[in-house]
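J.: Okay, here's what each chain looks like letter by letter:
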Amino acid sequence: MSSATTAANTGRSRKRTDKAGASGTAISAAGLVVLLAAWSASVQMFHLPPYIMPTPQAVWHALWSGLAVNPASRVGYYLPLWSTMKNSMLGMVIGSVGGLALGSAMAESRLVEKLVMPYAFALQCLPKVAIAPLVVIWAGFGDGSKITISAMLAFFPMLVNSFAGLRAVEPERLDLMRSLSATPLETYRIVKLPNAAPYLFAGLDMAMVYALLGTIVAEFLGAQQGMGVVITQAQAVSDVAGVFAALIILGVVGILMHAVVREAERKIVHWGERKK
Amino acid sequence: MNPNPPMVDAMPLSPEPAAAPPLIHIGNLDKSFAGGAVQALSGIDLDIAEGEFVSVVGPSGCGKSTLLRILAGLDGYDGGTAALGGVPITGPSREVGVVFQAANLLPWFTVRENVALPLRVGGHKGGNSENIEALLEISGLTDFAARYPYELSGGMQQRVGICRALVRNPRILLMDEPFGALDALTRERMNLELQRIWQQSGKTVMLITHSISEAIFLGDRVVVLSPRPGRVLRELKVDIPRPRNNDTIISHPSYPALAREIRHLLTGQGEDA
Numbered sequence: 001m002s003s004a005t006t007a008a009n010t011g012r013s014r015k016r017t018d019k020a021g022a023s024g025t026a027i028s029a030a031g032l033v034v035l036l037a038a039w040s041a042s043v044q045m046f047h048l049p050p051y052i053m054p055t056p057q058a059v060w061h062a063l064w065s066g067l068a069v070n071p072a073s074r075v076g077y078y079l080p081l082w083s084t085m086k087n088s089m090l091g092m093v094i095g096s097v098g099g100l101a102l103g104s105a106m107a108e109s110r111l112v113e114k115l116v117m118p119y120a121f122a123l124q125c126l127p128k129v130a131i132a133p134l135v136v137i138w139a140g141f142g143d144g145s146k147i148t149i150s151a152m153l154a155f156f157p158m159l160v161n162s163f164a165g166l167r168a169v170e171p172e173r174l175d176l177m178r179s180l181s182a183t184p185l186e187t188y189r190i191v192k193l194p195n196a197a198p199y200l201f202a203g204l205d206m207a208m209v210y211a212l213l214g215t216i217v218a219e220f221l222g223a224q225q226g227m228g229v230v231i232t233q234a235q236a237v238s239d240v241a242g243v244f245a246a247l248i249i250l251g252v253v254g255i256l257m258h259a260v261v262r263e264a265e266r267k268i269v270h271w272g273e274r275k276k
Numbered sequence: 001m002n003p004n005p006p007m008v009d010a011m012p013l014s015p016e017p018a019a020a021p022p023l024i025h026i027g028n029l030d031k032s033f034a035g036g037a038v039q040a041l042s043g044i045d046l047d048i049a050e051g052e053f054v055s056v057v058g059p060s061g062c063g064k065s066t067l068l069r070i071l072a073g074l075d076g077y078d079g080g081t082a083a084l085g086g087v088p089i090t091g092p093s094r095e096v097g098v099v100f101q102a103a104n105l106l107p108w109f110t111v112r113e114n115v116a117l118p119l120r121v122g123g124h125k126g127g128n129s130e131n132i133e134a135l136l137e138i139s140g141l142t143d144f145a146a147r148y149p150y151e152l153s154g155g156m157q158q159r160v161g162i163c164r165a166l167v168r169n170p171r172i173l174l175m176d177e178p179f180g181a182l183d184a185l186t187r188e189r190m191n192l193e194l195q196r197i198w199q200q201s202g203k204t205v206m207l208i209t210h211s212i213s214e215a216i217f218l219g220d221r222v223v224v225l226s227p228r229p230g231r232v233l234r235e236l237k238v239d240i241p242r243p244r245n246n247d248t249i250i251s252h253p254s255y256p257a258l259a260r261e262i263r264h265l266l267t268g269q270g271e272d273a
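Which chain is which? The protein sequence lines are R and Y, in order.
Positions 1 to 276 (this note's numbering) are the ones given, in order, by the first sequence.
Positions 1 to 273 (this note's numbering) are the ones given, in order, by the second sequence.
What the hints contain is simulated information worked out from the structure, not anything from laboratory work.
One or more of the hints may lead you astray.
To be verified - Where chain R lies over chain Y, by a calculated footprint (3+ residues, C-beta under 8 angstroms):
hint	segment
1	86-99
2	113-121
What the hints assert, rightly or not - Here are a few chain R residues that sit away from chain Y, every Cβ distance over 10 angstroms (derived from the structure):
hint	residue
3	Ile27
4	Ala37
5	Ser65
6	Asn70
7	Glu108
8	Leu123
9	Gln124
10	Pro127
11	Asp175
12	Met177
13	Ile248
14	Ile255
From the three backbone atoms N, C-alpha and C, an ideal C-beta is built for every residue, glycine too.
The task is simple: from the sequences and hints, build the whole structure.
T.: Here it is in structure tokens:
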């Protein structure tokens, strides 16, 4: 639990250092050192057994033993990580494309909007991971159930964001396209889609995290491989340090994916609309 | 290169039938919003001849933008006629270029892409790229063709907007307070440039503006609209020779009386004729 928080904290402070510069990096590094020292000291001080709370050194050891192996080794993190990433990325792509497609249809057509909106909101309120056991029954313990649940979770943020973004076009820009007798497809492609780009990237950012979550949850319910399996196996033998190590891997992966999305947004949404 | 069409001086001010039918004809035009609750335009009569430059002034909310939107085919109307070249308006026309308030450029396109936009959409595939380059050239934008709108000043952005409106070579240019957001000096320079472009191209222009001096500087005629519901209070002929210039226009003998009359019409302080 606390290592996940640590990962989130470093992610946030890293974002801030973009502006704060070197001194900000130094401060957050110092904070991490203090945190690790306090963690280590309190485990020893309160004599916590390793199956409740391992020391940072034990976590590091577990992490290293999973990383410093042949990538094809069955005890390393690489194979399960590959499996988890593959399934969650596939699910994310399917879910995002589906969300964008339905979001676009809703934004373009009042009929589709009226038809879909109430159900979309109802489903939005449902905790979708609760459907996961049902999906496993239908799709089995293989990759199919992981991809399905990931796609389901990635679908909604993209649906909501693309709908909102495509509707948020300045009316003057639509007037311009109408005055040029542009077709609806031309207006969609040339004005609405670029206009919605910041919304789409925000949706993608969420879809990415949700897709990873979906795959892990599906793996908890039963799977041959994946980071979820690594975690449940470590838990079964009270290897708490191993659980922590797997969580750190997932945290780092999450931060990296977030960075990729932000970098892609910076490259693609280059016209400085956000500077206003 | 075309000299300013002399027919403007010969144009009768009253809608008395001229030899050539007017390019833009508006007769007894009515328009209301909110299901008839808000009357925006009431019985507008206005004819604009080919090659003429007409300024439309009126108090805020008098429906002058609505009038322009009807001519651009963006809004419908409830009664009367609105026709371009004798054909009733039913929607946007290729003969019309619209210059919007505050330029209205697409920020993800470069200057050249913005100017080229009308040639890419609405079944207007391909198009002549030399027209794009020529327009960029005459408006001094060639060096900025690869820049993005946010890198440009307000005046330059609006020049791009004017180029975009001209790129399909329409016969009519409709301008909706195009220089309203600019500072006074930039605005004067833009007025001068617009006069030059208009004199070179021989387009028919309707300019909506708040500025009395701009209306007189650019217009062959100034049409003054009343507060809502907008109707034509008066049409005033501006017989100041072209090309006009910002220094000499105010010292022209007919300028002060024109400006005063328009101002009085707008503020409703009686009509001193």
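J.: Please go over all the hints and tell whether each is borne out by the structure.
T.: Status of each hint after checking the structure:
1. 86-99: holds (count 5)
2. 113-121: Coverage by chain R holds for the segment 113-121 of chain Y (4 residues, Cβ < 8 angstroms).
3. Ile27: holds, 34 angstroms
4. Ala37: The claim holds: Ala37(R) sits with its nearest Cβ about 48 angstroms from chain Y, beyond 10 angstroms.
5. Ser65: holds, 49 angstroms
6. Asn70: At about 47 angstroms from chain Y, Asn70(R) clears the 10 angstroms cut-off, so the statement holds.
7. Glu108: holds, 17 angstroms
8. Leu123: holds, 33 angstroms
9. Gln124: holds, 30 angstroms
10. Pro127: holds, 38 angstroms
11. Asp175: Violated, because the least Cβ-Cβ distance between Asp175(R) and chain Y comes to about 6 angstroms, which does not exceed 10 angstroms.
12. Met177: It is violated; Met177(R) is separated from chain Y by about 7 angstroms at its closest Cβ, not greater than 10 angstroms.
13. Ile248: The claim holds: Ile248(R) sits with its nearest Cβ about 39 angstroms from chain Y, beyond 10 angstroms.
14. Ile255: For Ile255(R), whose nearest Cβ neighbour in chain Y is about 29 angstroms away, the distance exceeds 10 angstroms, so it holds.
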